[in-house]
Amino acid sequence: MPRRDVRSRREETARPGTEDRLGALPDEALQHLLSFLPSDDAVRTCVLARRWRDLWKSTPALRITEPECRWKKPEDMNEFVNHLLLLRNRSPLEICELNSYPYHTMSEQRDRPCRYIQLWIRYALAHKARMSVL
Numbered sequence: 001m002p003r004r005d006v007r008s009r010r011e012e013t014a015r016p017g018t019e020d021r022l023g024a025l026p027d028e029a030l031q032h033l034l035s036f037l038p039s040d041d042a043v044r045t046c047v048l049a050r051r052w053r054d055l056w057k058s059t060p061a062l063r064i065t066e067p068e069c070r071w072k073k074p075e076d077m078n079e080f081v082n083h084l085l086l087l088r089n090r091s092p093l094e095i096c097e098l099n100s101y102p103y104h105t106m107s108e109q110r111d112r113p114c115r116y117i118q119l120w121i122r123y124a125l126a127h128k129a130r131m132s133v134l
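Going by UniProt numbering, the first residue of the sequence shown is number 1, and it counts up by one from there.
If you are wondering where the hints come from, they were derived from the structure by calculation, not from laboratory data.
Be careful, since some hints might not be right.
[Unchecked claim] Label-pair ranges, simulated between beta-carbon atoms:
(1) D41 / A126: 38 to 46 Å
(2) R21 / E75: 36 to 44 Å
(3) I121 / A24: 33 to 41 Å
(4) M131 / D27: 36 to 44 Å
(5) R53 / L85: 15 to 23 Å
A quick note: this is a predicted structure, and the numbers were derived from the prediction, not measured.
Yeah, the Cβ is synthetic: ideal placement off N, Cα and C, and Gly gets one too.
Make the full structure from the sequences, and use the hints.
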């Protein structure tokens with residue numbers, strides 16, 4: 001039995017009047033919308049469609065928030081942010097919100113959960129971002 005093209009299946013299941021209005025916006029508008037999301041959610045949009053694959057890399061905001069809910073360990077947050085900054089484009093950065101782990105979750109090595117915070121702040125300042133460190 002011949003395999004049908006994926007595009008034809010999508011066309012068959014698409015209902016009339018259900019066009020992708022959000023996807024029709026220009027990249028700059030989508031990047032602006034992504035700037036309101038926490039950075040890990042903005043990165044997850046890369047799986048929506050081919051067009052979204054690299055949009056997160058140029059968002060004008062970094063929002064690293066609610067660490068106690070999003071990452072199981074401080075090391076997970078550190079790894080995510082370090083990779084985020086490494087893979088991000090050199091596009092302008094307007095806002096940077098950093099919410100580090102609360103003091104009560106810190107281990108005996110008190111600097112370990114926030115060991116890269118100075119590097120992240122330097123990155124944001126080098127990109128002339130307005131900052132908020134919580």
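Quick one: which hint numbers does this structure break? Sort them smallest to largest.
1 and 4
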